[in-house]
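Order-wise, the sequence lines are chains A and B. Using the UniProt record's numbering, read the first sequence as starting at 1 and increasing by one per residue. Using the UniProt record's numbering, read the second sequence as starting at 1 and increasing by one per residue.
Careful: at least some of the hints might be erroneous.
Footprint (simulated), chain B over chain A, 3 or more residues, beta carbon under 8 Å [to be verified]:
| id | region |
| --- | --- |
| 1 | 127-133 |
| 2 | 191-200 |
| 3 | 286-292 |
| 4 | 302-312 |
| 5 | 325-339 |
For the chain B half of the interface with chain A, some residues (derived, Cβ under 8 Å), not all of them [unchecked claim]:
| id | residue |
| --- | --- |
| 6 | I31 |
| 7 | Y112 |
| 8 | F133 |
Hints were generated in silico from the structure; no laboratory data involved. All of these numbers come straight from a predicted model, not from anything done at the bench. Just so it is clear, CB atoms sit at the ideal spot from N, CA and C, and this is done for glycine as well.
Residue-level listing of the chains:
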Amino acid sequence: MMALIRQRLAERGGWLRLAATCAVPGLLALAFVLAAGWLTPGRLTSGTFMRTFQMVDGPHPGFRRNHAKGICVTGWFDGSGEAAQLSRAALFTRERSPVVGRFALAGGMPFQDDTPEKVRSLALRIMPTHSGEWRMGLNNIPVFPVRNAADFNDFLLASRPDPQTHRPDVARITAFVARHPETQRALALLKARKLTSGFANDTYNSLDSFTFVNARGTSIPVRWAMIPEQQAFPAAAQGAGRDYLFDDLIDVLARMPLRWHLVVTVGGAGDVTADPTVPWPAGRRQVDAGTLTLVRAESEDGGPCKGITYDPLILPGGIAPSDDPIPAARSVVYARSFVLRSGEPETTSAISRAAIRSGDQ
Amino acid sequence: MRPIEHFPLFARILHWLMAAMILVMLFIGIIMVSTVEPAYHRLIDLHRPLGICILLLAVVRLVNRLLMRIPPLPETLPPALRLAARTSHIVLYALMIAMPLVGWGMLSAEAYPVVMWSDFALPPILPHDPTLFAILRGLHTWLALTLFGAVLVHLAAALMHGLLLRDDVLPSMTGGRRHRAVDDPAS
Chain A
1 MMALIRQRLA
11 ERGGWLRLAA
21 TCAVPGLLAL
31 AFVLAAGWLT
41 PGRLTSGTFM
51 RTFQMVDGPH
61 PGFRRNHAKG
71 ICVTGWFDGS
81 GEAAQLSRAA
91 LFTRERSPVV
101 GRFALAGGMP
111 FQDDTPEKVR
121 SLALRIMPTH
131 SGEWRMGLNN
141 IPVFPVRNAA
151 DFNDFLLASR
161 PDPQTHRPDV
171 ARITAFVARH
181 PETQRALALL
191 KARKLTSGFA
201 NDTYNSLDSF
211 TFVNARGTSI
221 PVRWAMIPEQ
231 QAFPAAAQGA
241 GRDYLFDDLI
251 DVLARMPLRW
261 HLVVTVGGAG
271 DVTADPTVPW
281 PAGRRQVDAG
291 TLTLVRAESE
301 DGGPCKGITY
311 DPLILPGGIA
321 PSDDPIPAAR
331 SVVYARSFVL
341 RSGEPETTSA
351 ISRAAIRSGD
361 Q
Chain B
1 MRPIEHFPLF
11 ARILHWLMAA
21 MILVMLFIGI
31 IMVSTVEPAY
41 HRLIDLHRPL
51 GICILLLAVV
61 RLVNRLLMRI
71 PPLPETLPPA
81 LRLAARTSHI
91 VLYALMIAMP
101 LVGWGMLSAE
111 AYPVVMWSDF
121 ALPPILPHDP
131 TLFAILRGLH
141 TWLALTLFGA
151 VLVHLAAALM
161 HGLLLRDDVL
171 PSMTGGRRHR
181 AVDDPAS
């Protein structure tokens with residue numbers, strides 16, 4: 001065998017053939033290494049975001065890397081049938097789909113104190129019986145502060161607390177905003193929003209644009225919001241207790257179901273879909289697609305939302321992504337966060353099972 | 001000199017089709033997990049059905065492999081390399097079947113719908129269990145890297161046979177003819 005190889009190498013072009021034998025797998029390996037980004041450690045990946053969240057919020061093993069403080073809720077969604085002309089998704093027909101949701105505060109600190117101005121989120125998993133499920137993460141802000149994933153990473157880093165003062169460095173945030181006029185405009189809209197007294201009477205927005213596709217194959221750009229049936233009282237001063245927003249929600253759900261209307265806004269000509277910092281003009285066509293009813297609150301500890309990733313790209317047929325770059329980034333970053341926290345030891349969340357039981361009484 | 005014994009046409013088609021699919025799949029996988037760009041969702045939408053296709057073809061191929069007579073390796077090949085060839089083929093077959101199953105199981109444990117297209121999703125094959133998910137997710141990566149390594153070794157070995165040794169091994173799968181210089185004992 002070795003003699004044969006030696007003989008072949010001695011032939012004309014033998015070494016060239018050996019070089020080709022090694023070069024083809026070598027080049028393929030190189031292509032793989034380049035595709036993986038192993039030679040470009042600066043490339044923005046889900047790992048970058050994990051490091052950023054840890055830098056900004058500190059290590060909190062076992063918890064979601066963002067929207068870490070939360071509570072599970074369950075109920076159902078009744079399609080009104082009115083959005084069925086816009087999207088062929090079965091959940092928009094007049095049928096009832098079970099829902100597992102989660103209310104949370106934005107930020108990676110699982111034990112942060114509730115305050116009126118912190119961003120509140122509602123995540124939903126709507127599970128129609130015979131067709132594709134729909135997951136979403138909605139926030140009580142009118143627009144997203146940045147245009148894309150890279151800007152979001154920079155924005156998080158700019159707003160990280162100073163290790164000495166434990167407060168964000170104003171100069172760093174000012175510098176970021178100076179470079180990003182779209183963030184300046186978005187933050188002004190965030191600041192101007194009406195703060196309500198709690199989770200139960202707040203409005204939650206998709207922020208990102210998606211595409212609805214109907215049975216005839218017609219595509220339209222959409223955004224949507226969950227509008228509360230509960231009367232929206234303005235936020236009073238800080239409520240009593242570190243977890244007052246969650247405690248209030250537990251109390252009210254122990255007494256009565258809570259309802260929201262899924263109101264879909266159809267984008268008009270010229271409405272921006274690729275940039276979630278830009279609001280759509282008022283007066284766009286709106287469709288009441290159905291009613292969300294939530295009936296029960298549970299702690300995340302052993303609760304039904306604990307093992308769920310509210311990945312905004314889990315979409316049924318009839319709903320598709322748009323050219324908005326944020327949902328793909330959220331999808332991949334949430335997935336990474338789920339891998340990490342699922343491999344970490346069990347935790348006890350701020351809103352424990354004991355907190356929920358006291359609310360039931 | 002006896003003519004080259006080729007693999008049956010069906011086996012050759014399966015081999016080259018799956019070779020392309022597996023390489024594409026490995027690259028989709030590695031690009032997908034290292035990007036946060038919008039291409040991510042298009043890649044993952046392709047990754048799932050392509051993986052299930054590979055699983056189905058791998059089962060067909062395994063059955064076909066067990067039923068057919070395969071061309072013998074050259075008698076000059078030393079026992080160590082024969083063993084390496086046999087082992088690497090077992091590894092390749094095992095991974096072609098295990099990778100999609102681990103992927104399917106991992107999505108099941110993650111409570112993700114295993115969407116093939118639009119509203120058609122496969123049922124879960126494992127219970128919703130985040131701890132199990134974390135293990136399978138890690139396994140999926142390591143098996144993928146092992147599969148890529150095995151593919152590279154397989155490719156290097158094929159080229160060694162085809163370019164350097166110029167024996168019957170590579171033509172038996174390409175369907176090609178023997179190198180003239182080797183064919184002609186006078187040369």
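Need the list of violated hint numbers for this structure, in ascending order. 2, 3
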